[in-house]
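**Q** Quick mapping for you: the protein sequence lines, in order, are chains H and E.
At position 79 of the first sequence the residue is numbered 315 (this note's numbering), and the sequence of numbers has no breaks.
At position 117 of the second sequence the residue is numbered 119 (this note's numbering), and the sequence of numbers has no breaks.
Honestly, the hints are just simulated from the structure, not real lab data.
Mixed in with the good hints, there may be bad ones.
[Claimed, not checked] A partial selection of chain E residues facing chain H, derived with a Cβ cut-off under 8 Å: (1) R56; (2) S57; (3) R77; (4) V81; (5) A85; (6) A87; (7) L92; (8) E96; (9) A99; (10) F100; (11) A104; (12) R105; (13) P108; (14) S109; (15) R288; (16) G291.
[Stated by the list, open to error] Away from chain E, derived, C-beta distances all over 10 Å, residues of chain H: (17) P258; (18) L262; (19) I289; (20) W329; (21) L357; (22) P372; (23) V414; (24) L420; (25) P430; (26) A431; (27) P472; (28) V473.
Glycine included, each C-beta is placed from N, C-alpha and C at the ideal position.
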Amino acid sequence: MTEPVPAAALAAPARGRLGLGPPRSLWQLELRATLSRRRALFIKMGFPLLLVIPLAATNAPQFFAGMLLTILIAMVGTVGTGVSVTRSRGSGWLDRLAVLPIPAWRVSLEIFFAGWLVDCLQATLVFVILEIAQRPSPLVILSTWLLALATLAFSGALGLAVATLTDNAGEAMLFLAVILAPLLFLSGLFTGVPAEGVRYWVAQVLPFSYLSDGFQLVLHGNPPYGSPAAFLLAAPVFLLVSLAACAALGRPLMARGA
Amino acid sequence: MTASALLAEEVTRRYRNGRGVGPVSLRVDRGEVVSLIGPNGSGKTTLLRCLATRSRPQLGLVSWFGDPSRAAARRRLAVVFDATANADELTGRENLAFFSAARGVPSREAERVLQAAEIAEVGDDQVASYSYGMRRRLLLAEALAGDPPLLLLDEPTLGLDVSGQRWLARALKRRSQAGLATCVSTNDTQFVEQVATRVCFLVEGKVVHDAPLLDLLDSLGGTRQILLTSRETLPLERMRSVPGVQAVAATGEGATVVAQQREGLLADLLATLGDLDRSLLDLSVREPGLAECFLRITGRPLDD
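Let's have the full structure, built from the sequences with the hints guiding it.
**A** Quick look at the structure:
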C-alpha cells in the first residue's frame, strides 16, 4: 500500500516536454520519445535531403536516381526499426513491456507504428523536394508517395524480423545488409527487371521494384513496368502484408532474450 | 480455500552452460513478503523471470492466483527487473503515466506513489537527467502504483540511498498488512531482515531452505559471527573441529565463523591457528544475521 499524501500535493500530472498530455499507449510513448530526441530527429529528417536535392536539381539519370531513392527508403525503414528494437532489447525495455498486460502482437505493432509515422514524415519531405523540383503529374507523385509509405512499412517489418534474430545494433546492421542486398538485387534495382523468368516474378512481389519505377516516373523517366494504377493497387496490399507480418512477429520478438 | 498468489511447482530453467534454476518449488501467499537469497549465479534472477512471466520454465508449472495463464497473470502483477529501462527522453511523470495506463492504474494513484517515492519534484524532468538512484525509485514507483496483487522485485535496493530503502521497506510492509503478495530477490540481508516474512535460500539453482524469517533469526540465538582477516590461508578444517563452531567459510581475506557463544571459544579458535596467528590482521565478533544463517545452513558464504 502506498503512503498517505496530502490531497493538495496530488496536482494533475504535468504535461511533458512536447506540451502534450501523458502518453496512454505504447505507440504514443515511442513516438514522443523519438520526437524528443531533437538533434537525432533533425539529422534523420535532414540526411535524405542531402541525397534528394542534388539528384532532383541536377536531373541525374532516372534509373540511377530511382535506384538510390529506393535504397534510401528501404534503409530508412529497415535500419530505423531493426536497430532501435534491438537496442530496446539490450536496455531491458522489451523485458518491461513483455510483463505488461499488453499482447505481444500489439507491442510489436505499436513499436512499428510509431517508427513508421516518423519514417513517413521523413519520406514525405523527400517527395516535397521532388514535387518542387520536378513538377510531376499529381497522380504520379501521389501514387508513388503512397507506395513509398507502403515500402517503408514493408522495410519496417523486415527490420522487426531482423530484430527477432539479433542482440546488438552492430549485428542488426549486418543482418539487414545481408537480407536487404539480395532483395534489392532481385527487385531489379541494379540491373533492371528482366522480362521473364524467376527474377521477373520475384520483382512483382517486392515493393522495391515498384517504388524504383515510381521514382523514375516522378523524375520524368520511362520505366518499362511502372504505372500509377499499379502503384495504387500495390500500396495497400504491401501495407496490409506488412502490418500482418509485424503482428505475427510480436511473439518471436518478445521471446528472444526471455 | 484461496489459491496462493504464486505457486511454482518443480520449475526448471537451465542454460546451456548448466547454470539456471531448478527443479524449484515455491509458494507466495497473500500478505507474504518472500525473499529469495543466494550468492551470484544461484538462479535467483532466472527464477524471478519465470515467476514474472518473462521466461517460460523448461519443466514444471507456475500458477498465479490459481491460474496458469501468463496473460491473466500479467493483469495482476508488477515486476521490477535489475535494468533501469525507461523512456529516457520523456519525463518521469510521462513514463509513470504510460505504465499506470497499461496496468489500468488511475493517474491520481500514480501521482500519489510518485510523491511517496520522493521524486515528485523531478517528475517533470527528463529521465535522462536522473541519477541512478532516482531511476531506481521511478522503476519502483511504476511497479508499486495501484497496489498490484503480486509484486516481484529483483535487487530492489540496488542504488537506493538510506531514505529510499526506508521508503521501500515501509511500502512493502504496508503491502503485507494489506494482504498483498511480494517476492523479492536480493542479497541485501539487512533489508530482508526488515521486510521479509519468509526467506528461501537458493544454492546452485535449488531451494535449500525455506522458513519464516523469525524462525531463522530465532535459530541464531546465542550464536556469534567471528570474522578473521589474515595474510595467509587459514586452517578451516581445524577451525571446524572447535566445539561450538557451527560453520566456517573462507572469505577473500580470511574466514568467517558462526559459533555458539561459550567461555573460551575465541581462545580455542586462535589455538587452532598455531603459528599462523602471527599472520592474523584483524578479528571481530558480531551479532549474527541472515548472512550467517545462510552460511550455517548452506555451508557457504553469501558473497561466494
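**Q** Compare the structure with each hint and give your call.
**A** A quick look at each hint next to the structure:
no., hint, result
1, R56, "holds, 6 Å"
2, S57, "holds, 5 Å"
3, R77, "holds, 4 Å"
4, V81, "holds, 5 Å"
5, A85, "holds, 3 Å"
6, A87, "holds, 4 Å"
7, L92, "holds, 6 Å"
8, E96, "holds, 5 Å"
9, A99, "holds, 3 Å"
10, F100, "holds, 5 Å"
11, A104, "holds, 5 Å"
12, R105, "holds, 7 Å"
13, P108, "violated, 11 Å"
14, S109, "holds, 6 Å"
15, R288, "violated, 33 Å"
16, G291, "violated, 27 Å"
17, P258, "violated, 3 Å"
18, L262, "violated, 7 Å"
19, I289, "holds, 29 Å"
20, W329, "violated, 4 Å"
21, L357, "holds, 17 Å"
22, P372, "holds, 37 Å"
23, V414, "holds, 25 Å"
24, L420, "holds, 32 Å"
25, P430, "holds, 46 Å"
26, A431, "holds, 50 Å"
27, P472, "holds, 31 Å"
28, V473, "holds, 32 Å"
In this structure, the hints that do not hold are numbers 13, 15, 16, 17, 18, 20, in rising order.
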